[in-house]
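Participant: So the chains spell out like this:
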Amino acid sequence: DVKVTQSSRYLVKRTGEKVFLECVQDMDHENMFWYRQDPGLGLRLIYFSYDVKMKEKGDIPEGYSVSREKKERFSLILESASTNQTSMYLCASSPRLAEGTDTQYFGPGTRLTVL
Amino acid sequence: AQSVTQLDSQVPVFEEAPVELRCNYSSSVSVYLFWYVQYPNQGLQLLLKYLSGSTLVKGINGFEAEFNKSQTSFHLRKPSVHISDTAEYFCAVSEIPTGNTPLVFGKGTRLSVIA
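Chains as they are written, first to last, in the numbering used here: chain A, 1 to 115; chain B, 1001 to 1115.
Next up, chain B with everything else stripped away, as it sits in the complex (with noise of 0.2 Å):
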């Protein structure tokens, strides 16, 4: 079965400052990989995914996130961080031949952008 590690649960950073947040996953099949983002008092929204092809992923909001097989990473990344991106986020995996079957999300990172 597979399984996300976000390997840091709290992460501040000063605005305009780069950011990356850490996800690693366990699996020994093919995966789809997601990053959400929940701002505070909503629901997660989809950041970016990861389905086939090109292993840099763009996603909203300027993040991107780099899918690494050999490391089974897909770590998420910004350039420049702002005060909205101030928010909870997670990472997710689905196995490609298990199908159909609910995503599975690591414990979340909190970003906290500090002015």
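Just chain A, same shape as in the assembly (with noise of 0.2 Å):
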């Protein structure tokens, strides 16, 4: 079984801080994304990553950015946490395909709130 875990459930920080949310794959996956979700607005794709040392923006990467220094990780940084970054954070993995794209593995999520 694929598992994708990322480090907290849940987490509150005070805007300004610097945020670091975990992400590991245990399946080899060349692909690993983020994303936030947010009531009525669906998921929203941040950052992703073909390869370690690789990121590629998504639709929303301002105030974000990413680090992938090993295959099975990849972290995302909000480097001054606002309130309008309180939301769910996802990240999800994915074999690479010579075309089209397989499933996405997904982590159980976390929570953040910004005050």
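Since the hints were derived computationally from the structure, they do not count as laboratory data.
Yeah, the Cβ is synthetic: ideal placement off N, Cα and C, and Gly gets one too.
Watch out, some of these pointers could steer you wrong.
Said to hold, decoys possible - Restraint-style ranges between C-beta atoms, simulated for each label pair:
| # | chain 1 | residue 1 | chain 2 | residue 2 | range |
| --- | --- | --- | --- | --- | --- |
| 1 | A | 65 | B | 1041 | 23 to 33 Å |
| 2 | B | 1030 | A | 10 | 38 to 48 Å |
| 3 | B | 1041 | A | 72 | 17 to 27 Å |
Stated by the list, open to error - Listing some non-contacts, in silico: residues in chain A with all C-beta distances to chain B over 10 Å:
| # | residue |
| --- | --- |
| 4 | 20 |
| 5 | 27 |
| 6 | 52 |
| 7 | 55 |
| 8 | 63 |
| 9 | 64 |
| 10 | 75 |
Both chains are sitting in their own frames, so use the hints and assemble them into the complex.
Facilitator: Take a look at the structure:
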């Protein structure tokens, strides 16, 4: 079974703090993704990575950065947290295909509250 | 670029009644299609997927979906729902020639099963 784990289920931070969200997958997947989920807006892609040290911006990268130093680990960084970054953050991974994209496997999510 | 429209944001249904959750996509090329389910306070998990072959796809928990290329639809159905099916359901698409890009998700449909 594919397992994607996220470092925290719930996190409370103060405005201006630097926040690290960690994600680890155990299936040797090449691709990893960070989304945020807000009511009525569905899932919005923040960043993704196809390989170690590679990253691509998604639809809403502003205010975020990422790091992928090892294949199994993909970190999301909020450089200076703001209240509008209060959200559910979901990490996912998938194997690389020659064509198309196959199943993305999701972690349980981190509910971040910024006060 | 592809897009996904889930026509209903909320669907209330009585227990043991049938349900259909609608999904339409927009793409000029061949696609892979997915349905995910998210139970309260959890990450997303795969319900079923269409990659090729039979257009009627069966998934977990008694759900099935039919790929209709001419209608560009991938509606999800269950003949008799259970209270435990209460969750949010997401349709997603991947364009095959584009290869190895993140899935594009719809905004979700919240299914509420009423006893």
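Participant: If a hint holds in the structure, say so; if it doesn't, say that too.
Facilitator: Comparing the hints with the structure gives:
1. For the pair residue 65 (chain A) and residue 1041 (chain B), the supplied restraint of 23 to 33 Å holds, since their beta-carbon distance comes to about 27 Å.
2. The hint said 38 to 48 Å for the Cβ distance between residue 1030 (chain B) and residue 10 (chain A), and at roughly 41 Å that hint holds.
3. A hinted range of 17 to 27 Å holds for the C-beta pair residue 1041 (chain B) and residue 72 (chain A), which are about 25 Å apart.
4. A cut-off of 10 Å between C-beta atoms confirms that residue 20 (chain A) is not in contact with chain B; the least separation is 19 Å.
5. Every Cβ of chain B is farther than 10 Å from the Cβ of residue 27 (chain A); the closest lies at roughly 14 Å, confirming the non-interface assignment.
6. With a cut of 10 Å on Cβ distances, residue 52 (chain A) stays outside the contact zone with chain B, its closest approach being about 16 Å.
7. With a cut of 10 Å on Cβ distances, residue 55 (chain A) stays outside the contact zone with chain B, its closest approach being about 13 Å.
8. Listed as outside the interface, residue 63 (chain A) is consistent with that label: its C-beta sits roughly 19 Å from the nearest C-beta of chain B, beyond the 10 Å cut-off.
9. No Cβ of chain B comes within 10 Å of the Cβ of residue 64 (chain A); the nearest lies about 15 Å off, and the non-interface call holds.
10. Every beta carbon of chain B lies more than 10 Å from that of residue 75 (chain A), the smallest distance being close to 17 Å; the non-interface claim holds.
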